[in-house]
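With these hints in hand, go ahead and build the complete structure from the sequences.
4 protein chains.
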Amino acid sequence: MKEITVGIIGAGRIGKVHAESISLHIPGARIKTIADIYMNDEISTWAKNLGIENTTKDYKEIMNDPEIDAVLICSSTDTHARFTQEAAAAGKNIFCEKPLDPDIETIKETLSVVEKAGVKFQIGFNRRFDHNFRAVKNAVMNGKVGEPHIIRITSRDPAPPNPEYVKVSGGIFMDMTIHDFDMARYLSGSEIDEVYVQGAVLVDPEIGKAGDIDTAVITLKFKNGAIGVIDNSRQAVYGYDQRAEVFGSKGAVETSNDRPSTAVVKTADGIKSDNPLYFFLERYMASFTQEMKEFFEAVREDGETPVGGLDALRPVQIAKAAGESLRSGLPVKVEY
Amino acid sequence: MKEITVGIIGAGRIGKVHAESISLHIPGARIKTIADIYMNDEISTWAKNLGIENTTKDYKEIMNDPEIDAVLICSSTDTHARFTQEAAAAGKNIFCEKPLDPDIETIKETLSVVEKAGVKFQIGFNRRFDHNFRAVKNAVMNGKVGEPHIIRITSRDPAPPNPEYVKVSGGIFMDMTIHDFDMARYLSGSEIDEVYVQGAVLVDPEIGKAGDIDTAVITLKFKNGAIGVIDNSRQAVYGYDQRAEVFGSKGAVETSNDRPSTAVVKTADGIKSDNPLYFFLERYMASFTQEMKEFFEAVREDGETPVGGLDALRPVQIAKAAGESLRSGLPVKVEY
Amino acid sequence: MKEITVGIIGAGRIGKVHAESISLHIPGARIKTIADIYMNDEISTWAKNLGIENTTKDYKEIMNDPEIDAVLICSSTDTHARFTQEAAAAGKNIFCEKPLDPDIETIKETLSVVEKAGVKFQIGFNRRFDHNFRAVKNAVMNGKVGEPHIIRITSRDPAPPNPEYVKVSGGIFMDMTIHDFDMARYLSGSEIDEVYVQGAVLVDPEIGKAGDIDTAVITLKFKNGAIGVIDNSRQAVYGYDQRAEVFGSKGAVETSNDRPSTAVVKTADGIKSDNPLYFFLERYMASFTQEMKEFFEAVREDGETPVGGLDALRPVQIAKAAGESLRSGLPVKVEY
Amino acid sequence: MKEITVGIIGAGRIGKVHAESISLHIPGARIKTIADIYMNDEISTWAKNLGIENTTKDYKEIMNDPEIDAVLICSSTDTHARFTQEAAAAGKNIFCEKPLDPDIETIKETLSVVEKAGVKFQIGFNRRFDHNFRAVKNAVMNGKVGEPHIIRITSRDPAPPNPEYVKVSGGIFMDMTIHDFDMARYLSGSEIDEVYVQGAVLVDPEIGKAGDIDTAVITLKFKNGAIGVIDNSRQAVYGYDQRAEVFGSKGAVETSNDRPSTAVVKTADGIKSDNPLYFFLERYMASFTQEMKEFFEAVREDGETPVGGLDALRPVQIAKAAGESLRSGLPVKVEY
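Residue numbers (this note's numbering), protein chains in the order written: chain A, 12 to 347; chain B, 12 to 347; chain C, 12 to 347; chain D, 12 to 347.
Just so you know, the hints here were simulated from the structure itself, not pulled from any lab data. All values reported here derive from a predicted model rather than from experimental measurement. Where hints are given, some of them may not hold.
A pair counts as met if it fits within one copy or between any two copies, since identical chains are not told apart.
Taking lysine to aspartate or glutamate and the EDC-like style, the derived pairs with C-alpha atoms no more than 20 Å apart in a straight line are [unchecked claim]: (1) K344 with E116; (2) K155 with D285; (3) K261 with D215; (4) K119 with E346; (5) K261 with D280; (6) K331 with E64; (7) K27 with E72; (8) K261 with D285; (9) K27 with E64; (10) K234 with E346; (11) K304 with E293; (12) K234 with D215; (13) K155 with D280; (14) K109 with E305; (15) K304 with E31; (16) K178 with E305; (17) K344 with E293; (18) K109 with D313; (19) K13 with E315; (20) K261 with E217; (21) K27 with D52; (22) K59 with E31; (23) K119 with E14.
See the structure below:
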């Protein structure tokens, strides 16, 4: 098996998750260098323990290293497009965390650079690799539910973000619902034509002051005629609530949440079971690993990446339309 | 216990259901007369077996009978308002099947007549008396979920109606969703301010030809700030799908469907459990009985009926707004 | 449809349940007379309201009434065998509450009288008519689980009986487990060859002082080679716990408990659902009605009753063996 | 953090599982050497990739290496006791796969050697570290169920072993039920006083010819008065069935199986969910990792191992008693 040499830009939370997945679970992929502008001793030690050869503050060491075949871009959002373009220019295969960029023109331009370079590109919508959502997708693809009529996605965070974060987050649609827009496209197998948002500030007034909302119900009209609905909240006190249902002509497929255990306690006071897993890294850890596996498989086999350029563009376009619907109070066509 | 003497107008499916509930389960209520313009031997025999004294084609025998305290109006929709007014004029307490009328002015006028007469009035939204939905309502009222943020109602019929029926049904919102509009008000404890409909014909093109839709996702904005969403389909092939969730600041409460048995069959082929109950009369039978119990209790105790005049009016107003939203493609304020 | 005229002996809890089932749900069966040695005004009024013609203290009015086709014996256990014999002698079809008698010879003699008289006889093991257990039985009969290998029955009461009652109850096996012995035979379709009991007094020492146990695990060896296990407790504080599993060569079928509602409340404190139904009359009401339906069907159609003479005898024989196993601490062959 | 140097004897399936757990998930533990009498290129390559320095056919290289602090004994059962004694003599901390030995005297002698040497000893009952069973244990320890009255364990393999394997397996009790005996002690917090077995050959006649059974229901009497029951089958066609319930004075706690996904497919044909995980390594992988974590924690902190010498002895004593009960058809006291 041909070994793939990897560079990772960004050693924050998600960069570390990917580095560990690759080290532990991807035979034939070797992380040579990890770069982070805030590189320090702690990160270096962690990297060494993981068997990573080089640590650096300068991401260009990765771009300029001819031995490196693939680059993971896990740095801050504002660098995604630029680093992607540089990596493409350097002929490297690219895995980039979402979103590629908040600006649609920048995304289009970046994807055009990637395309011309002929390198692999994958965007980090990890939920497509989750065991539950993939089981839904498989049921749909295997015709178990017939033609999809209604797609329902429930996506609720366990706790609201810091209002400071909210200000720079790009808003709930770009920061949180973007995963659900991707999921809606993934599960329906269709593009979204129109969006209507009913939103509110019900969780934390500070979020409102920061110019955002924290609760939303979003109606989607798909090009294939199906109807979708996403409900979002920034705070489900019982844990991270991540569910989906596809309802169609022959039936429906539906998931419930993952829980720490299946144990059920039965007392005079009622029947009690565990809350859903609370933390997204715990809930989705296996999906991050699977995401890496399929990226490296595509690189090695010269196949198509499972989540490509269009998947980087479309959810941002939908998020823009959602923002416009929220402002206008009217349904908005997604511009493609 | 003071005996209440009852007359029933209409001996169709729902009239019979109520007659049986009263005979079998309401001590202290005696059905004296049942009227149906299509009264025949079969119905008469059924009525006699149930201990009903008189059967007639002429509903006026009920209106004119001074012994009768309470009238159940189970005849065709176009007679509801008129019979309600006549019964009120005759000083009788009234239980009327929904809708009171498709026309808002007629409803208002009828309710005004009822109010002046000072008689009891209850409208037939039986789902409020269902064990599952009532458990949701109780959890909300007991503060278990805190302030409601999102109300989700799934309401899907097992099989589409005959297109001939569709033509005279008043449309999906007046015929089917009207129950869900009532449920949304019941569970949220708030009025609905605005409605937005995304609808489609996905089940049966004949329904489209009849001028109606068969699939809809309806967003609701409540006056208390909460957001609601109803998803409707005329055909859930796996059975009658009737669920609700209220999600709020302290948690959520959610129901699943009733099934014929709890048995689960586990084979190499998967784990299989029963479909939801298919037929609405089977699914909601206990709620029809409970509805009668509470009506007669209100009559006997001179208390408030659990579903009153406003509950007869509001869902029709919302259904009108929903129809307008479907036509215009825009969100519509409900006019009160 | 030929009308069946019915007499009921015993107007206690179960006699009333049957009377109401017949009145409300069995078209073509008319209760003419109800007899109870403690007949009083209250019972008489209840009976009149139900449309029962005669009430009496003297059960012989039923035995001697040539118009009466079927007798329900709902009096105290010590009268079951005698009344069954008298009813048989009088040529009446018989439904008798369980047990027919605690004494095996008396049962055999009584069944012999019944057989000679050529009348119908049904014994009151109502759980065979329960929706959940019948779904298990159907799955087994339809070959869904293949050859049965292990039959597991969980049967736990919500609250222990009064120690005074325990003294006259015949012991846990005759009073409580007898239903499970019947269920084991019903679900396995096989007779029980050997019984081993591990029992203890863990719920209430007074039960021990009354000479009984309150907790038991009972192993059964079936003639067809399958193995069974029943676990009993006199006190499941979370409610009436009634479950069964049949595990076999092709899979398994399993039931869970019925609950008042499907509502689930999700808070920071966990996910909470309703306890099982607490009271046996609520839990098994539908089965009592179904039991009556099938009895009267057998009478009308001159068919076989669904639970016959052998079903009255076998569980008592097994209960005896269980008692012997408890005393000796050894497995005991059931004597047939 | 003090680094612990590890040697592993046996590079079969379970040896590899432990090696990978340690490499990937136990910071501060370094595998220096792995020994296997069948050491070959394939295993060597796997070991190198995992960062293991030495591979050898001679386990004595581990015993004689003064740098090695801890030994994992993952070789064939007949070597467990001998290697444990040698490792103890060499002053090494020991993790040994179960069973330590089939012979009780050998176990006692070995434990005595371990004790004299003053080294840590842990026996490989991994299920104690499983998320579901630990949740049950925690509920019991936290008093959620009160005093335990009945402990029920269902333990069914997905497919029967090869009859050749059966011949050398030591029989179902030593090979399979031994885990359940350990679980019964773990969940009840009590020793087992008496055992009664009802066993049969229902899955595969070849297993019977090999002198074993494939189906069993085992009743346990605990010293604290509780009653236990284990049901075993060598073939649950729907997957690996691993459940437990502890029922007590204040309630019960119960687990269900882990499944590949929570997806549920609803069609006209019924509601279908995933089978339990089929393969024990998949089902219990996290427990193997947790088992290693707690072993190395005990070594590092000089604490008590979570599963010690008595836990190696007791289940074998119980298995012996179970074998005797099967042969005699009688309940058997466990000899301690």
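Each hint tested on the structure:
Only within a single protomer do K344 and E116 lie at most 20 Å apart by alpha-carbon distance; the minimum there is 18 Å, versus 37 Å between protomers. In this assembly of identical chains, the alpha carbons of K155 and D285 lie at most 20 Å apart only when taken from different copies (14 Å versus 30 Å within one copy). In this homomeric assembly, K261 and D215 come within 20 Å of each other (Cα to Cα) only across copies, at 13 Å, whereas the closest approach inside a single copy is 41 Å. For the identical chains of this complex, K119 and E346 are intra-copy neighbours only, at 13 Å inside a copy versus 45 Å across copies, given an alpha-carbon limit of 20 Å.
In this assembly of identical chains, the alpha carbons of K261 and D280 lie at most 20 Å apart only when taken from different copies (10 Å versus 40 Å within one copy). In this assembly of identical chains, the alpha carbons of K331 and E64 never lie at most 20 Å apart, being 41 Å within a copy and 55 Å across copies at closest. For the identical chains of this complex, K27 and E72 are intra-copy neighbours only, at 19 Å inside a copy versus 37 Å across copies, given an alpha-carbon limit of 20 Å. For the homomeric pair K261 and D285, the shortest alpha-carbon distance between copies (16 Å) is at most 20 Å, but the shortest distance inside one copy (32 Å) is not.
For a Cα distance limit of 20 Å, the shortest separation of K27 from E64 inside one copy, 15 Å, qualifies, whereas the shortest one across copies, 26 Å, does not. In this assembly of identical chains, the alpha carbons of K234 and E346 lie at most 20 Å apart only when taken from the same copy (13 Å versus 32 Å across copies). Proximity of K304 to E293 under the C-alpha cut-off of 20 Å is found in both arrangements, the shortest distances being 18 Å within a copy and 18 Å between copies. Proximity of K234 and D215 under a CA criterion of 20 Å is satisfied inter-copy only: 19 Å between copies versus 35 Å inside one chain copy.
In the homo-oligomer, the alpha carbons of K155 and D280 lie at most 20 Å apart only across protomers (11 Å), although the nearest pairing inside one protomer, at 39 Å, exceeds that limit. For the homomeric pair K109 and E305, the shortest alpha-carbon distance inside one copy (17 Å) is at most 20 Å, but the shortest distance between copies (37 Å) is not. When the C-alpha separation of K304 and E31 is checked against a cutoff of 20 Å, the pair qualifies both within a copy, at 12 Å, and between copies, at 18 Å. Within a single copy, K178 and E305 get their C-alpha atoms no closer than 34 Å, and across copies no closer than 43 Å, so neither meets the 20 Å cut-off.
Taking the closest pair of Cα atoms, K344 and E293 never come within 20 Å of each other, the shortest separation being 36 Å inside a single copy and 43 Å across copies. In this assembly of identical chains, the alpha carbons of K109 and D313 never lie at most 20 Å apart, being 22 Å within a copy and 46 Å across copies at closest. For the identical chains of this complex, K13 and E315 are intra-copy neighbours only, at 18 Å inside a copy versus 46 Å across copies, given an alpha-carbon limit of 20 Å. Taking identical chains as interchangeable, the C-alpha atoms of K261 and E217 lie at most 20 Å apart only when they sit on different chains, with a minimum of 18 Å there against 45 Å within one chain.
Taking the closest pair of Cα atoms, K27 and D52 come within 20 Å of each other only inside a single copy of the chain (15 Å); across copies the shortest separation is 32 Å, beyond that limit. For the identical chains of this complex, K59 and E31 are neighbours both inside a copy (12 Å) and across copies (18 Å), given an alpha-carbon limit of 20 Å. For the homomeric pair K119 and E14, neither the shortest alpha-carbon distance inside one copy (31 Å) nor that between copies (51 Å) is at most 20 Å.
In summary, the structure is inconsistent with hints 6, 16, 17, 18, 23 from the numbered list given earlier, while agreeing with the others.
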